[in-house]
Amino acid sequence: MSAVLAILRAAPLTSIQDRGRFGMLQHGISASGPMDKAGYDLAGVLGGGGHGGIEFTTAGLEFKLSSGQCRVGFAGGDFQIRRNGTLLDWPGSGQLGEGDVLSITPGRWGNYGYVRFDAGIDIAPVLGSVATSSRARLGGIEGRSLRVGDVIALSGGGDGITAISQRRPELEAGPIRVTWGLHADLFSPSLRQRFTEAGFVVSASLDRMGVRLTDSERVFADATILSLASDAIVPGDIQILGDGTPIVLMRDHQPTGGYPRIATVVSADLDRFAQLRPGTAVAFAPVTVEHAHALLRSRQT
Amino acid sequence: MVALSAPQALPTPTIVPLGDSALLVRFGSTLTDQANRAAIALALALDRSPIAGVVEVVPSLVSVLLRYEPAAGTSLGTIAGELRLLLSVLDDSAPVTTSWVIPIRFDGPDLEAVSAALGMASSQFVAAHNARPLRVLATGFAPGFVYCGLHADELVLPRRTEVRPAVPPGSVLFAAGQTAITATAMPTGWHVIGSTDFANFDPSGELPTRLNAGDVLTFEVAP
Numbered sequence: 001m002s003a004v005l006a007i008l009r010a011a012p013l014t015s016i017q018d019r020g021r022f023g024m025l026q027h028g029i030s031a032s033g034p035m036d037k038a039g040y041d042l043a044g045v046l047g048g049g050g051h052g053g054i055e056f057t058t059a060g061l062e063f064k065l066s067s068g069q070c071r072v073g074f075a076g077g078d079f080q081i082r083r084n085g086t087l088l089d090w091p092g093s094g095q096l097g098e099g100d101v102l103s104i105t106p107g108r109w110g111n112y113g114y115v116r117f118d119a120g121i122d123i124a125p126v127l128g129s130v131a132t133s134s135r136a137r138l139g140g141i142e143g144r145s146l147r148v149g150d151v152i153a154l155s156g157g158g159d160g161i162t163a164i165s166q167r168r169p170e171l172e173a174g175p176i177r178v179t180w181g182l183h184a185d186l187f188s189p190s191l192r193q194r195f196t197e198a199g200f201v202v203s204a205s206l207d208r209m210g211v212r213l214t215d216s217e218r219v220f221a222d223a224t225i226l227s228l229a230s231d232a233i234v235p236g237d238i239q240i241l242g243d244g245t246p247i248v249l250m251r252d253h254q255p256t257g258g259y260p261r262i263a264t265v266v267s268a269d270l271d272r273f274a275q276l277r278p279g280t281a282v283a284f285a286p287v288t289v290e291h292a293h294a295l296l297r298s299r300q301t
Numbered sequence: 001m002v003a004l005s006a007p008q009a010l011p012t013p014t015i016v017p018l019g020d021s022a023l024l025v026r027f028g029s030t031l032t033d034q035a036n037r038a039a040i041a042l043a044l045a046l047d048r049s050p051i052a053g054v055v056e057v058v059p060s061l062v063s064v065l066l067r068y069e070p071a072a073g074t075s076l077g078t079i080a081g082e083l084r085l086l087l088s089v090l091d092d093s094a095p096v097t098t099s100w101v102i103p104i105r106f107d108g109p110d111l112e113a114v115s116a117a118l119g120m121a122s123s124q125f126v127a128a129h130n131a132r133p134l135r136v137l138a139t140g141f142a143p144g145f146v147y148c149g150l151h152a153d154e155l156v157l158p159r160r161t162e163v164r165p166a167v168p169p170g171s172v173l174f175a176a177g178q179t180a181i182t183a184t185a186m187p188t189g190w191h192v193i194g195s196t197d198f199a200n201f202d203p204s205g206e207l208p209t210r211l212n213a214g215d216v217l218t219f220e221v222a223p
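As they're listed, the protein sequences go chains A and B. Heads up, the first sequence is in full-length UniProt numbering, so the first residue is 1 and it goes up one at a time. Heads up, the second sequence is in full-length UniProt numbering, so the first residue is 1 and it goes up one at a time.
Watch out, some of these pointers could steer you wrong.
Restraint-style ranges between C-beta atoms, simulated for each label pair [what the hints assert, rightly or not]: (1) B:Glu162 <-> A:Thr280: 33 to 43 angstroms; (2) B:Thr32 <-> A:Leu241: 20 to 30 angstroms; (3) B:Ser75 <-> A:Ala173: 41 to 51 angstroms; (4) A:Ser2 <-> B:Pro158: 50 to 60 angstroms; (5) A:Ser2 <-> B:Glu162: 46 to 56 angstroms; (6) A:Gln193 <-> B:Ser88: 31 to 41 angstroms; (7) A:Gln80 <-> B:Arg48: 47 to 57 angstroms; (8) A:Pro175 <-> B:Ala71: 18 to 28 angstroms.
No lab work stands behind these hints: they were computed from the structure. Owing to the predicted nature of the structure, the values given are computational and were not obtained by experimental measurement. Glycine included, C-beta positions come from ideal geometry on N, C-alpha and C.
Chain B on its own, in the form it takes in the complex (with noise of 0.2 angstroms):
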């Protein structure tokens, strides 16, 4: 988090289609932290105002999905022009965020082995990477799943070079300078390193999820 900083320049987005019935503004090719503000702080903004046609607003890592229905009559250029102008003005000094502390129980099964790979003992490497909060980057990857990060540099690890087939829901995994939570079973090419009773996703809710992109994480030791 930037404290009373001036409203920086975004990197210079591409519209670009998806299909014909979706456009994708997209910050950036590859995972930055700049890139992934853009992407919220745009999303944010459709939020706030919105593109008349557009049905659905979607944030991912470092591009927003606007999903549109042709057979309604919109048209490409039209929301593309809307999305110039919104563009030409937005900043991402003022994000509406939500901070949540986050429980976490370090008992993976790859917490000795990641904590060996950044050449720490595991008590530092939990101290470390709970040393202070991560951002939700994106959300959406699965019902519930959460990227957060990014962690500092001494704390970037690649993935495993194999997939465990199903880890369960509230398993915190770590890889590529990010913390995620999962909400369902699913494979994982990612180091398990601890577990949360955090639960992200209640499809009986009127919303099915609590976490939204941009939100701050301060994780912890759970008790």
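Okay, chain A solo, but in the shape it has when bound (with noise of 0.2 angstroms):
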């Protein structure tokens, strides 16, 4: 299975995933890899399992199959899907020939979407991965993110189809389910108390680093500057920066912080939480750590 594809269309945080690359926090590089794991997952199965695909956000993107065929699986958020200007059902999957155009815009939830094919991204992978670092400058294309002319190869088979639900974490509602933080013992109770009943918004400064929430209750704003070491961080992470804004922290987070950190977001709702528009409430619920896995291992039933 081969085919080039050809970049006609392609925003600022659009970037070739694949899950990410463990095992160099050490190094000073965080693992990245899709913002919404399960989207990502979801449009592999679609697509036939071929290893990374593009992330592209509600910017859209789009391209053009110069040569061979394809298999494309598409998921994430919730976007529009056009081949050759026919709209195709989202999430799904089709076939594309030379020639064909896949032109993807903006649907109505969701801030990241990923289209993956049943043969593999053919870039070279850097330090095991070709997920693409915004912070270290790694993976990918040259460590950035794709633009306009870009091309990219597409070689060997993919792991086949097998069934997966189709989920729709719009319809999850809720808060967005946290575990308390490396530092929260450094908040008052009463401060702990009023994080979990205040409602905070979705900025619109978020990217693949981190989502800054806006505090219109001011939660955060008597909170003192904390001198402390610098510890490891992990996607989720929420921390207080010195003006007293709450940043949650992801895929290309730095690897370490000195800033406090209050809750870290459970792995089961960080895809969720990653889909979140700017202008969108969010409230936050602890629950212990046992009660984040119970959540994962119900995930994979």
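Using the hints, put the two chains back together into the complex; each one sits in its own frame.
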């Protein structure tokens, strides 16, 4: 199986991803990988399981299959997708032949979508992965976002299609669940309680490194900056900056940091959080680590 | 470096969950020499005696991260239990380290200001800076970035109040009783005292960095 695709339209946060570059934290490199892992996985199942894929944002994506043929799967948030101008079902899959143009525009919800293929993204892995790290500028094409004129070859086979439920995260209402964070004990009980009762809003300042929240109830307005030795950071950590701004650290997070962290978004809810658009209200509900594990295991059945 | 010392009692660590897929063993919340030595010793011990289910071990300044895969059925309690056993026999008397000589050009824009703030001529500062070896305290803040320390009390200076938007790879930074070396371009609030050709990051290598926490560095003036 082989094909070549040419990027006709891409926004600044469009990137090549695979499941991530693990084991490199002590070298200063966080794992990266898809912002919505479940969406990425579903696109892979629908597409035929070729290694890697393209993550795009609400700015959309357009590419042409300049040679060869392939199967394409697409999933993630809600998007509109057209093959040569004809609307296809989303999420879904289709066959592409030479000259076909796939054009993607935003739908009703979500920030990130994925296209994957029945062949792998033919790019030499860096440190074991093709995932683009926006922070370390590694992986993908020269460690950068995709842009018009980029050409991506597909080669090899995929893992084939297995059944998977086509999850619709927009239907999962309710607060984002968190475990108490590394520095929760440095925040007073009343401040922790306000954190769980307040409404925050996803701000327009978001990217693969982090999502800043608007704290209109000024929960953290008086949080004094603490002098802490840098400790390891994990995706989902909610860090309070010196000016009181909460920021949720995402897949391209810095590996270590010295700002206090009040809580960490549970793994089972991080995809859903990543898909919340700017302006969306968000509340946080604390759960135990054991509960977070149970949530993850229930996802697998 | 303490020669021929008996094993020292380590600071009592706390084991804290960090999200649902990692836990952190912390030997303190502020940087001390003792806490840093303990973190490095634990990471080395975990390298020698891995705990089942732990997929990554990362030492930081005063803590060690253990990442695990909850979906694989690993339980936090089991890891914490094994960790306590390991901690009960941990000592920092025999660290495995590599020694390096790092040539530095003391040509940074803040060299004069740093020397003046410490009440020294710049030549005195350079001599004092290089007078004794430093330990790599931690790696991993950015690709190839290393913190080295700790300097003697008379060489302790706070960070700058202003952040430089970008310093080049190979910048030698100085603040808070430490010398740090950058391997990629980055913003920094530390004083820039020099530069080095020693490159600690090569993504094409099998291991992308050369220096590890605990390694001993001797600085000398580049010819």
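Hints numbered earlier in the text: which of these fail when held up against the supplied structure? 3
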